[in-house]
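Undergrad: Using the sequences and the hints, build the whole thing.
2 protein chains.
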Amino acid sequence: MGRSARSTFVVQPGKTHPRDYPADAPSKGPDDKSEGAADLSGLRSKLAVQQEMLYACGTAGDPRSILLVLQGMDTSGKGGVSSDVVSAFNPAGVHFASFKAPTPKELKHDFLWRIHKQVPAAGQVGVFDRSHYEDVLVAKVRKLAADSVIEERYSRINDFEAELTATGVTVVKCFLHIDFNEQRQRLLAWLDDPTKHWKFREGDIDDRQLWPDFEDAYAAALGRCSTAQSPWYVIPSNKKWYRNWAVASIMLETFEDMKLTYPEVDLDFQRLKERLAPPN
Amino acid sequence: MGRSARSTFVVQPGKTHPRDYPADAPSKGPDDKSEGAADLSGLRSKLAVQQEMLYACGTAGDPRSILLVLQGMDTSGKGGVSSDVVSAFNPAGVHFASFKAPTPKELKHDFLWRIHKQVPAAGQVGVFDRSHYEDVLVAKVRKLAADSVIEERYSRINDFEAELTATGVTVVKCFLHIDFNEQRQRLLAWLDDPTKHWKFREGDIDDRQLWPDFEDAYAAALGRCSTAQSPWYVIPSNKKWYRNWAVASIMLETFEDMKLTYPEVDLDFQRLKERLAPPN
Chain A
255 MGRSARSTFV VQPGKTHPRD YPADAPSKGP DDKSEGAADL SGLRSKLAVQ QEMLYACGTA
315 GDPRSILLVL QGMDTSGKGG VSSDVVSAFN PAGVHFASFK APTPKELKHD FLWRIHKQVP
375 AAGQVGVFDR SHYEDVLVAK VRKLAADSVI EERYSRINDF EAELTATGVT VVKCFLHIDF
435 NEQRQRLLAW LDDPTKHWKF REGDIDDRQL WPDFEDAYAA ALGRCSTAQS PWYVIPSNKK
495 WYRNWAVASI MLETFEDMKL TYPEVDLDFQ RLKERLAPPN
Chain B
255 MGRSARSTFV VQPGKTHPRD YPADAPSKGP DDKSEGAADL SGLRSKLAVQ QEMLYACGTA
315 GDPRSILLVL QGMDTSGKGG VSSDVVSAFN PAGVHFASFK APTPKELKHD FLWRIHKQVP
375 AAGQVGVFDR SHYEDVLVAK VRKLAADSVI EERYSRINDF EAELTATGVT VVKCFLHIDF
435 NEQRQRLLAW LDDPTKHWKF REGDIDDRQL WPDFEDAYAA ALGRCSTAQS PWYVIPSNKK
495 WYRNWAVASI MLETFEDMKL TYPEVDLDFQ RLKERLAPPN
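Protein sequences, first through last, are from chains A and B. Sequential numbering from 255 applies to the first sequence in our numbering. Sequential numbering from 255 applies to the second sequence in our numbering.
The hints are simulated quantities; they were obtained by calculation from the structure and are not laboratory data. Among the clues, some could well be false.
The list treats identical chains as interchangeable, and a pair is accepted whether it falls inside one copy or across any two copies.
[Claimed, not checked] SDA-like cross-link-like pairs, simulated, lysine to any residue; straight-line CA separation at most 25 angstroms:
id: 1; residue 1: Lys527; residue 2: Ala473
id: 2; residue 1: Lys269; residue 2: Glu405
id: 3; residue 1: Lys371; residue 2: Phe353
id: 4; residue 1: Lys287; residue 2: Arg298
id: 5; residue 1: Lys397; residue 2: Asp461
id: 6; residue 1: Lys453; residue 2: Val519
TA: Here it is as structure tokens:
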């Protein structure tokens, strides 16, 4: 493999615009769909073991957890990563949160209020389908807040993520990067498939008019909020199998870095076995 | 197959004691572990499609959801059903809730307060690892509430589940049935496996002294709270592969009974395709 997936996909200093990164599958990693599927299968098995160790540590007082943040344009595959990668984990240890447009009640609070409530507990894998980044993405593009407010939010996000990191939450932020034409193909495919019509929102086409603005907003977010402790990864996502492999690889490396082991338990095994002896 | 899984495993009138039901794999269903695994694989694929339809309906205003309630003695496999069956679903559409001993705050509310908050939203599959039934099981065995209070709770549970059913939540209650010796084998296996030590609680052995009392409490709960609309199923769970097959089969039949289809969407497809034409 050579370089790690994390170092391959992490946002590079001074290179923060989506157009600076490939949306198509690059040369690193599996060569095609069938190799990608085989690799993913192996990664899923390893992820399941790592998650069980994380969960076990959580029951033993270890505060650590992992939070996977998924962002991307419509059709970029946030749901696909959920069904193809996150499903490797035991659902008992997964906390999934999807963030839509804020409710009136949520709007009466600071923008991180609803987010903080969904941070995974010790031992859990949290998954955010969209996140606090919407407040510097769609909010910026659609001018839902003043520039000065948006500007302030980058700092608030960095402080928030620094606090999470300090208290044991490893934040893994993946931008699922597809290009303009790939989105067109996917929307057309949805229109041609009655089992996909429910996914279609005409607003998705409206948003395409603002594609360059969204790209600029991502460039700003990736530039301001990719830190050493909680970096952004840009995932080439035109090919679903490549996207899945890349996210799973980054997750596995993140887990392995935590050097998890099953917790040691102070029990008198011999006595316990005697207690379990069958009745005479 | 002949009889449906639901009619095979549903609690029979006047037969509510766990000892009235097999814990070992009966003759219905797959014959052995490898046949069970093959059947489960097919069931998982079908469950994934059904769940996507349920989720899609939820986005289109259909209020329906499914709630899988898992109860059973320690080691009976609630976590195993989660990892082997529930993992078939896209995590984006799963709401998993685990109920431990109530917190001081929860104890200041009625026993259904913390439960109601975890009921799945429209389109979701909810999973309860333990549930409101703990309040008539451990609470009865350990005399955490007066007999008259326990007695009253059966009615409150029936009313609660009737309301859920009426508002679109299909409740599927599975009692994972293992026998006393199987639990002993599983606890011994945990003691012999360092990767399982974290699961072990000495209290599990203490609870074994109360096994007959727990069986009686289950008999009362199954007798009082297995209704036509939200019946209890007794799952033979000594064999994990059989347990997984049975729960998956019941879930699939439940889904199929809902006669889900992808929602029809009122869109002008031709116009939308024109809007998606590439720029000249």
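Undergrad: Which hint numbers does the structure go against, in order from smallest to largest?
TA: 1
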